[in-house]
Amino acid sequence: MEIGIIGSGNIGGALARHLTTLGHRVSVANSRGPASLRQLAAETGASAVTVEQAARAKDVVIVTIPQKAVTQLPSEILAESSAIVVDTGNYYPSRDGRIEEIEGGMAESEWVATVLGRPVVKAFNNIVAPSLASHAVPAGTPGRICLSVVGDDEKAKGVLMALIDAIGFDGIDAGSLADSWRQQPGT
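Read in order, the letters of the sequence shown are residues 0 to 186 in numbering that gives the first Met the number 0.
No lab work stands behind these hints: they were computed from the structure. In this text, all values refer to a predicted model and were calculated from it rather than measured experimentally. Each residue gets a CB set at the ideal place from its N, CA and C atoms; glycine is no exception. Please note that the accuracy of each hint is not assured.
Label pairs and their computed distance ranges (CB to CB) [as the list claims (entries may be wrong)]:
id, residue 1, residue 2, range
1, Arg94, Gly174, 25 to 35 angstroms
2, Pro141, Gly104, 38 to 48 angstroms
3, Asp172, Gly104, 15 to 25 angstroms
4, Pro92, Arg181, 17 to 27 angstroms
5, Ser93, Arg31, 17 to 27 angstroms
Please model the complete structure; the sequences and the hints are all you need to start from.
Dropping the structure here:
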């Protein structure tokens, strides 16, 4: 698959490593530009690109940035994309500032979908980066970690659960995007 990752922090870096190892064509971007991603690209084989280029990935675009940064993405960045959009973020008011819609009861991923103007699937937000990076194991291994996936598109959730399985975790369908609050920190 052709996969774009917007965000090169601990989660984005771990996903780039896993997905390139699986043979996917991965492009990774951050707010500092491709030059800042040379080391990650060299380590993983992913292509260091601009945010706009990562958003053009054909199959999956993973948005793995702080919630406050979602509003800083170029407007309409995903308007013409037919890719599955994945939100890995969690809302922390101490980091992200107060987001009134979320504080008013809107599920975080519903807010992300509204800001991006695209449906999203929520995944990879309920595992810490070191575990994502190092606790992947083959299917059937006792104690294999399970990661939940929520969204309103059954096909998109199926694609994500297959990716999660290939990476080395069990995927579980945890319901609709409105249910995503159940896998947020503090719930």
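Check: Of the numbered hints stated previously, which ones are contradicted by the structure, given in increasing order?
Finding: Going through the list in order, the structure violates no hint and respects every one.
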